[in-house]
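*Asks:* So the chains spell out like this:
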Amino acid sequence: MSTFKEHKTIADRAAADRSRHRKKIEEAIKESIKDVVAEESIIGQSGKKKIRIPVKGIKEHRFVYGSNENNKQVGSAQGKEIKEGQRIGHRRRTKPEEGQGDKAGNNPGEEMYEIEMSLEELAGYLFNDLELPELEKKNFKFTTQEKMKHKGKRPYGIRPRLSKKETIKQKIKRKKAAIKAGSYDPEGDERFPFHESDLRYKHIAPVFKENTAAVVFFVMDVSGSMDKSKKFLARSFFFLLYQFLNHKYSSIDVVFVSHTTEAYEVNEEQFFTQVPNGGTLVSSGLKKVEEIIEKRYHPNNWNIYTFYCGDGDNWGIDNSEALSAFRRLSEINQAMCYTEIGKMRGSSDYNLFSGVQVDKSLWDWTKLAEGKTLKRVRLQKSKDIWPAFKKLFGGKT
Amino acid sequence: MADWSMDELHEWDKKICTLGAGLGLDWYPIEYEICDYKEMIGHMAYTGLPTHYRHWSFGKSFDRIQTEYNLGMSGLPYEMIINSNPSISYLMTENPMATHILTMAHCVGHSDFFKNNRMFSETGPDTVIDRFKNAGKRVKKYMEDPNIGVEAVEKILDACHTIRFQVPRTSGVKRRSHKEMKEYYGKLILNDKTGWYNKFNINKIPLEPDTNVLAFIADNNRFLEEWQKDLIRIVEQESHYFVPQACTKIMNEGWACMIHEKIVNAVGIPDDYFLSFIRLHNQVVRPHLGRVNPYHLGFKIFKYIEKNHGFDECLRIRETHNDETFIKSYLNEELCKELNLFSYSFSQKEGYNKITDVSGEDSWRTVRDDLIKNIGLNSIPVVMVSELQRDGTLVLKHEHDGRDLELSEANKVFEHINELWHGNVRFTTVIEDDLWEF
Chain A
1 MSTFKEHKTI
11 ADRAAADRSR
21 HRKKIEEAIK
31 ESIKDVVAEE
41 SIIGQSGKKK
51 IRIPVKGIKE
61 HRFVYGSNEN
71 NKQVGSAQGK
81 EIKEGQRIGH
91 RRRTKPEEGQ
101 GDKAGNNPGE
111 EMYEIEMSLE
121 ELAGYLFNDL
131 ELPELEKKNF
141 KFTTQEKMKH
151 KGKRPYGIRP
161 RLSKKETIKQ
171 KIKRKKAAIK
181 AGSYDPEGDE
191 RFPFHESDLR
201 YKHIAPVFKE
211 NTAAVVFFVM
221 DVSGSMDKSK
231 KFLARSFFFL
241 LYQFLNHKYS
251 SIDVVFVSHT
261 TEAYEVNEEQ
271 FFTQVPNGGT
281 LVSSGLKKVE
291 EIIEKRYHPN
301 NWNIYTFYCG
311 DGDNWGIDNS
321 EALSAFRRLS
331 EINQAMCYTE
341 IGKMRGSSDY
351 NLFSGVQVDK
361 SLWDWTKLAE
371 GKTLKRVRLQ
381 KSKDIWPAFK
391 KLFGGKT
Chain B
398 MADWSMDELH
408 EWDKKICTLG
418 AGLGLDWYPI
428 EYEICDYKEM
438 IGHMAYTGLP
448 THYRHWSFGK
458 SFDRIQTEYN
468 LGMSGLPYEM
478 IINSNPSISY
488 LMTENPMATH
498 ILTMAHCVGH
508 SDFFKNNRMF
518 SETGPDTVID
528 RFKNAGKRVK
538 KYMEDPNIGV
548 EAVEKILDAC
558 HTIRFQVPRT
568 SGVKRRSHKE
578 MKEYYGKLIL
588 NDKTGWYNKF
598 NINKIPLEPD
608 TNVLAFIADN
618 NRFLEEWQKD
628 LIRIVEQESH
638 YFVPQACTKI
648 MNEGWACMIH
658 EKIVNAVGIP
668 DDYFLSFIRL
678 HNQVVRPHLG
688 RVNPYHLGFK
698 IFKYIEKNHG
708 FDECLRIRET
718 HNDETFIKSY
728 LNEELCKELN
738 LFSYSFSQKE
748 GYNKITDVSG
758 EDSWRTVRDD
768 LIKNIGLNSI
778 PVVMVSELQR
788 DGTLVLKHEH
798 DGRDLELSEA
808 NKVFEHINEL
818 WHGNVRFTTV
828 IEDDLWEF
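Here the protein sequences line up with chains A and B, keeping their order.
Note that my numbering has the first sequence beginning at 1, numbered continuously upward.
Note that my numbering has the second sequence beginning at 398, numbered continuously upward.
Honestly, I wouldn't trust all of these hints.
Using 27 angstroms as the maximum straight-line C-alpha spacing, the simulated DSSO-like pairs for lysine-lysine come out as follows [to be verified]:
1. A:K80 <-> B:K751
2. A:K59 <-> B:K794
3. A:K56 <-> B:K770
4. A:K23 <-> B:K538
5. B:K537 <-> A:K59
6. A:K83 <-> B:K770
7. B:K530 <-> A:K390
8. A:K59 <-> B:K411
9. B:K725 <-> A:K24
10. A:K59 <-> B:K534
11. A:K381 <-> B:K809
12. A:K23 <-> B:K411
13. A:K59 <-> B:K530
14. B:K435 <-> A:K5
15. B:K435 <-> A:K59
16. B:K725 <-> A:K80
17. A:K24 <-> B:K794
18. A:K5 <-> B:K770
19. A:K23 <-> B:K530
Hints listed in this document are in silico derivations from the structure and should not be mistaken for laboratory results.
Quick caveat: nothing in here was measured; it's all calculated off a predicted structure.
Whenever a hint applies, use it, and build me the whole structure from the sequences.
*Replies:* Rendered as structure tokens:
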């Protein structure tokens, strides 16, 4: 004979494992975002727009046989007419579609989640995790600003600020109490009118808000050597930087400076679409920044960030000039970055010892100015963007 | 609400057991646990074992089962029984009496199979619950150890799970240590008169390719700490326990279906249960279009044997066979044609699955052999340790049988093995007739 046990419900045994799994998915989301940040569809979107992010499911992998002609499966089709060579089931994609590269989700059996978030949420996800260097706390400059804000409700005020919702709540409260006390019969014909004491008004009071303001200079070399793909990389990087600073400051000014041998302040569109031409004098762009700072953004009131982006191709005679400009700027900036796009350029230190007179590249020159404020990063492909970003603002890579 | 009481369960159980014994069955006592659907999901997620160790993958399957159940995408199984002595089985409170009767009769069949089939002889049903409980405790201990922690434990378990089925597929063969192997081969070489062993390298490790990748790593990886080896062995032991079930799925389910049909037909169920029984039974043993339902296939073959050779023959077969030999011996042309079995494969050129063979006069054998390639662990590639080199390199080899590995998956698994071994792993397979090294 068998035995029967009525099992009392014990604590949910899977709870801990489920939360572990969810935590892993969270991590996967963060991972996926990093891949997404450099994608074209995101760059240049406004904060409210929803972005779909594919997240790879957490899976235990195993050795399995691939789907192909040699891996035969068996099925049954009782009562059906079948013949050799017949197609069954749905069409499956065999190769990733063009332009999608090796993006996840094309492999059969790959589990995908798709989450939707706005750029703002995305920024939160990305940047809250970053351990900002002390930089922020010490050096962010605050200006205070008076602002009017709602501050609760009160029983007196001016007519336009009457809060209907709060007033009716008060009336309902009073009515319930009256019914409980037996002083009002809800079944009767008698109305239950508003009373003067029910009225509530919105209260508005001034608050002092700490206002943090920053200005960001994006400086880019638009000379002939900066082709479209290099520019796209620069744009992606600038976009991420902008989102980050925007996330940290309540207001932010962006100044675009493009330069060849001369520098101009331009608007965003011109900045990214300008037809490249001419040679390169990096110092011209930096001098332009200095000029603008002097005119409009006094370092005592503004947090200043300058990000330079170029391909390291500079006229040799300009390198020392550029270096001193970098040095001057790094003294008044919160953070600066020299971003070089593309491969390391030919000349480097060892040439100096070979006795041949070779100019050091700008990459090497800027090394001399590198320090707490000035950082150098190199971007070769969009995958480099996130690590580069982390290098600038700390946090774990 | 439930239409039954505990007394009724006892009453029906008594009748079922009497009939089971009358059929000549011999099973472990069964312990039914009455649980609600949520607990049932919990049991399913943890492979039925009430004392299984913790791992996020079970949390994941819990969530998936629950979501699918809540969305009405899938139902929950009526029956779940563990190969243990006593056999633990779960009955869901929400199910009506008719379902319970069928489930209980079905469980008698399974328990009888566990107790008699020779594949299960080494699974240790008397101690399995305690073994898993003990393993669960150790995993918990490691997770709570401040020097180890959940993440480190998961790292090992994640890696082990990727190769959890890379264990021997035969049952009852004792694993010989390297020393024992060396003695064995030493004797062979010494007494060798044929010259077969002239070129045999007695200093190679392992002397024979080792299909037990997990055990080999635990035995030979000098970087591993004791707790890490222990985790590997826990996973390996679990696989040994489950391998027989994977290798007898078709027989086991077919047998249980045949038994429940016999018992329910004889037990004298009231008319109003009869219809729900028929409905349930047909749902379980119905053929699945385009796939092979193991319940259906096993049931059909057993019925065929009973018709032609009698029930005693069935009893003998349930003792001595496994799915592979069962199908090889008893799935004949007539059955193949009746079930209309066919082989198909994915044509990469066309992007469709295409039927390659249907069960015809000669081709039914091809179909049968293709089926055998896909049952039990045959659908899992065999990977073995071919050599441990002097510099510590672990050489793994996939035993290619005409089917290529899915590289994207294999790469991921390779990474895990590499991590478990602390680097220096070489792994070769054949892809499109060329040697492939990871």
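*Asks:* Give a verdict on every hint.
*Replies:* Hints versus structure:
no., hint, result
1, A:K80 <-> B:K751, "holds, 16 angstroms"
2, A:K59 <-> B:K794, "holds, 24 angstroms"
3, A:K56 <-> B:K770, "violated, 31 angstroms"
4, A:K23 <-> B:K538, "holds, 21 angstroms"
5, B:K537 <-> A:K59, "holds, 22 angstroms"
6, A:K83 <-> B:K770, "holds, 22 angstroms"
7, B:K530 <-> A:K390, "violated, 45 angstroms"
8, A:K59 <-> B:K411, "violated, 45 angstroms"
9, B:K725 <-> A:K24, "violated, 44 angstroms"
10, A:K59 <-> B:K534, "holds, 25 angstroms"
11, A:K381 <-> B:K809, "holds, 24 angstroms"
12, A:K23 <-> B:K411, "violated, 48 angstroms"
13, A:K59 <-> B:K530, "holds, 25 angstroms"
14, B:K435 <-> A:K5, "holds, 17 angstroms"
15, B:K435 <-> A:K59, "holds, 23 angstroms"
16, B:K725 <-> A:K80, "holds, 25 angstroms"
17, A:K24 <-> B:K794, "violated, 32 angstroms"
18, A:K5 <-> B:K770, "violated, 41 angstroms"
19, A:K23 <-> B:K530, "holds, 26 angstroms"
In the structure shown, a violation is registered for the earlier hints numbered 3, 7, 8, 9, 12, 17, 18, in ascending order.
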